[in-house]
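One line per chain: the protein sequences are D and G, in this order.
Sequential numbering from 1 applies to the first sequence in the UniProt record's numbering.
Sequential numbering from 1 applies to the second sequence in the UniProt record's numbering.
Hints are not guaranteed to be accurate.
What the hints assert, rightly or not - Listed below are the simulated DSS-like cross-link pairs for lysine-lysine, each with C-alpha atoms no more than 25 Å apart in a straight line: (1) G:Lys139 <-> G:Lys87; (2) G:Lys42 <-> D:Lys47; (3) G:Lys219 <-> D:Lys47; (4) D:Lys356 <-> D:Lys297; (5) G:Lys33 <-> D:Lys47; (6) G:Lys42 <-> D:Lys180.
Hints are computed from structural coordinates only; laboratory data are not their basis.
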Amino acid sequence: MAMAGRAIQVSSIIVILLGIASGSLSLPPDRSLHPRILVLVDDLTVKSSHSLFFASLADRGYRLEFKLTSDPSLALTSYGEYLFDGLILFAPAAEHFGGSVDIASILDFVDSGRDLILAADVGMSETLRTIANECGVEFDEDSNAVVIDHLNFAESETDTEHSLIAADTFVASSAILGEKGAEAPVLFQGIAHSVAPANDLVIKVLSASASAYSANPEVQLNGPPSLSGTSISLVSVLQARNNARVLISGSLSLFSNKFFVFPFKKFGSSTSFQRSGNQMFAEEISKWVFHERGHLKAVNVHHHKVGNLEEPSMYRITDHIEYSVEIYEWTGKTWKPYVADDVQVQFYMMSPYILKTLNHNGQGLYTTSFQVPDVYGVFQFKLDYNRLGYTTLAISKQIPVRPFRHNEYERFIPAAYPYYSSSFSMMFGFFLFGVVFLYHK
Amino acid sequence: MDSCRNGCLILALVALLCLSVSASPNVLSEADKKFGTELLIKSEGSVSTLEEKYQLLRSFQVLGIRREELITCSEVEAVLMSSTSVKDLFYASKCGETLLCSFQESALKTTVSRLLSSLDNTEALLDIHFSLGTLAFLKVQFPVALNDPVSIFQKIKVLSAEDGSWKYNPDDAGTSAKAAGTALETMGDLISLAGQAFDDAKIRYLKGVASKLFEFLEKYADDGTQFIDERPLDGLYGGGGPLAATSQVVKGVAVVASHTSGHIEVPAERVISVAKFFLTAGIHGSLLDMFHVLDGLGVLDKNRFLVPVILSVRPSVLSLSAKEVFKISTTTVLGSPVSATITLRKAVRANEKEPFLLNQVLESDETKGVHNLNDILNKLDIGSYDLTFKVKILEEGRYATEPITIRRVLVTGVASIPEVEVGVLDSDTGSTDYVKRWNPMSKEVVSLYATHLQKLYFGLDILSPRQEQFIPHQAFLKLKHETKVEHLFLLKPSGKKLELSLNLLGLVEKLNYLSGIYTIDLIVGDVAMENPVMWNLGTVELDLPEPPEGKVKLTSQAESPFKYGPRPEITHMFRPAEKRAPPTLSNTFLALTLVPLLGFLVGLKLLNTNMKNFPSSGLPVLAALLFHLGIGSILGLYALFWLKLNLFQTLKLLALLGTVLTVPGYYILSHLADASAPKVKSA
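Isolated chain D (complex conformation) (with noise of 0.2 Å):
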């Protein structure tokens, strides 16, 4: 009994061991290695003329569920859990969804911090709308309209609309848009929809150029279009407070195997694409909305006083301290140190009183040194780091400041020694003076 308690006693060291030496590799997945999807299309043929799309989800380790729009046992949740991580919407004309699935609980879902894909395309029904309101985004009102680009488009034998547009007006984040960046212009056929300025949340990553607009190409225009050139956002994104992200694209055709591997030549230009931009653009941001790349997380957020490991309860003005936190990136199957050097930590009340930026050391440790500000009262230790495509970190530690002792302020100060010596030749002529008046003769 004994010796079994003690094996295991072993056994949990070295596993404690194991997991300081592995170091961020003992973290915690927190998210699904192989996360589930439902994918919803109004027509099963959208597995088809979208399979290299899908293939490449599957190939990336995601369980895809292919269901139809109007499948009488849709559900989202089962006994109060969700079914699946992500929700991918090809249904540009679903009116209405079968089983327990609305507009609603959708949007819950997407509340519940999972990730939704949803492509519209011309005809694109009233729900739908909704859901893309929902999220900050209006999609063109009038139900004929789509993008067109008379001097932006690829040149195509079948396009006879100038609606198929060569688009490469890309948002400039590496996170979104992976390393490369896309090699070639992305085909975009279908609507157009606009985010307002002042919502910070959805970020355009590809617009139109300054010379498309949005309109019914069979009918003369008898005003200027509601939306029209760089405002037209042909896809966008949201990330939610709560880090749920939202891929919203105005053209289904986008994610299509016919558009992955079209070859095309861009109206006016005279190089010639061998394939669009499409399949790696579809890709790198479905690993972004699946937070396969900037996805954050901070742990071990310490603070103490230089030369002293301990975390004290309270700092004094003027104490030199040490800030150190980790940072670490989720790439789909770990957690990867994460790098940069724009990592800032504030010191904060009311006001930043100071505002650092953090030294790495390339393991995703970051580090700065500063000396309290001699002001008293509480402050906080905030990092807010909110950069394009990444998750936001905002981490706030609560610390009070005191202000000196009595006894901590300097004793002998060279300008008041004149006080000093007065106070204590005073003190020596009372005693001889008493000796003196008590014993002279």
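Dock chain G against the given chain D, drawing on the hints supplied.
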């Protein structure tokens, strides 16, 4: 779910249709084939089963590509010799057929006998189909004799239903057209194995079934596309959707036609509608779907019952400036030319009613099946046209075609804009205050100045290559303020011109009372214009009135520069140290403060102080010493208070010392008082 599948399929394929120019699809172009090939090559990596390998091989075969690395004849032979699954044997033999393999009878003797005995023991349609299919392939290599072909025929026939559909198994609940297609294919194989055993009645029966099958077609879209839908039963036997069902039916009919002489009655328009269905679906899906489309098209391209012929116009977008000509061809679905005479019945400009060309017989190049449409070219201006063709195929009977085909074509060309008139008018009188003719060649920018009491005027002519007025779809004027606020206006046709007149007084509200410099951009574009333009015409400085009380003037919408990205560092400014006296000064005063003590000591010396009053013995000495030690320690306590103790510690100690001090203090003081008292009294 299944009820939706139709409806939903239609929805999705309508979306697909939007991609193509006209409703009726073109034949597979070289680009389509290249594209399909690429997709097939991509899917090679994930292919594992024999069935998938056959699907790939067959798809490549239809596309005219030989890829032998997938599976070799020896591998096929190994499967044929060893496998016990009829399905594997069937797909192995299909692979062998595609690869044109040849085998020795001796090696496959056991396989043949096993297949023959399995035929006697099974009643399932698919098992019979697989067995007969394998045997039919092997029969090409060496003689194979069936034991009792008529009983097999009966076994298949017993699965049929009244309406011409079929069951897969005797105990199946429903029937399907796809199963009928499979049954026909199996019967075809049976005839090829033992044709002599069947009398005319049986052959007639088969042909009847074959022509009946096309009655199962369902309407798919308004353009006459038709397909055969999958039934719930098919889902239990492999499924594959409407593409698989349609392809299987076509294949069944074709196999029967190839093994029987004479004609099978099939309505031409139905065959064409099926061809259209496959062409509309296209080859850009998964391997399975592409296989069914290509297999279906392959059968339609070469068969003995009816080959659909499709008219195609290339290019569908014709450039006038590149001096292109229309080439009209009549080909089978995969692009083999078929001779025909073609008449252009009429040519109508889109959105117009009156045709400008009627009944024109096209000159043809017999060898390639290509017809030229040259006469029309000098009558065309830029825009869309609907061309209606009448097709008559020279070799009737074998081919089927739509008698009338309408194709929409787009003619593009260079439109010219000689100049853009830019002016500032007076609002009230309409008189011109300033006008400038902006020249597109020199692109010299204008800079205007206008107040809210004036109007801005823009006008331009756009001429088509035939020097006629042309109204583009996109004719925008964009005013862009320095703060990046944009306003878009539409130029509208007025007389022969495109004009825009901006009454600034009415626009102040829209412009948010934002005075300043606006850049003027002109954007003109159209599908038919080969030279869309986006010109910067110059700038206009608007002097607008101040907004009325209560109106907030919109200012720049510029983003905070630190929204993303690091912020500038902040360091704390510590309070500067208090100003202090220099050490020399304080040292001087240090010395000065010691002067009184020194004076006191000197004074004591001068007074010749003594200690004669100090008690000489006993208790008083002890009391005196304790008293002064006490006072000394209180003074010492004060020093400690300064150095380290706090007030509370000091007071506590002081209380203790003070109390202790009172005893010797009282004693010595009263002793001293007693000692001096008599003298006072005596004095």
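How the hints compare with the structure:
{"no.": "1", "hint": "G:Lys139 <-> G:Lys87", "result": "holds, 18 Å"}
{"no.": "2", "hint": "G:Lys42 <-> D:Lys47", "result": "holds, 16 Å"}
{"no.": "3", "hint": "G:Lys219 <-> D:Lys47", "result": "holds, 23 Å"}
{"no.": "4", "hint": "D:Lys356 <-> D:Lys297", "result": "holds, 20 Å"}
{"no.": "5", "hint": "G:Lys33 <-> D:Lys47", "result": "holds, 21 Å"}
{"no.": "6", "hint": "G:Lys42 <-> D:Lys180", "result": "holds, 22 Å"}
The structure is consistent with each of the numbered hints, conforming to all of them.
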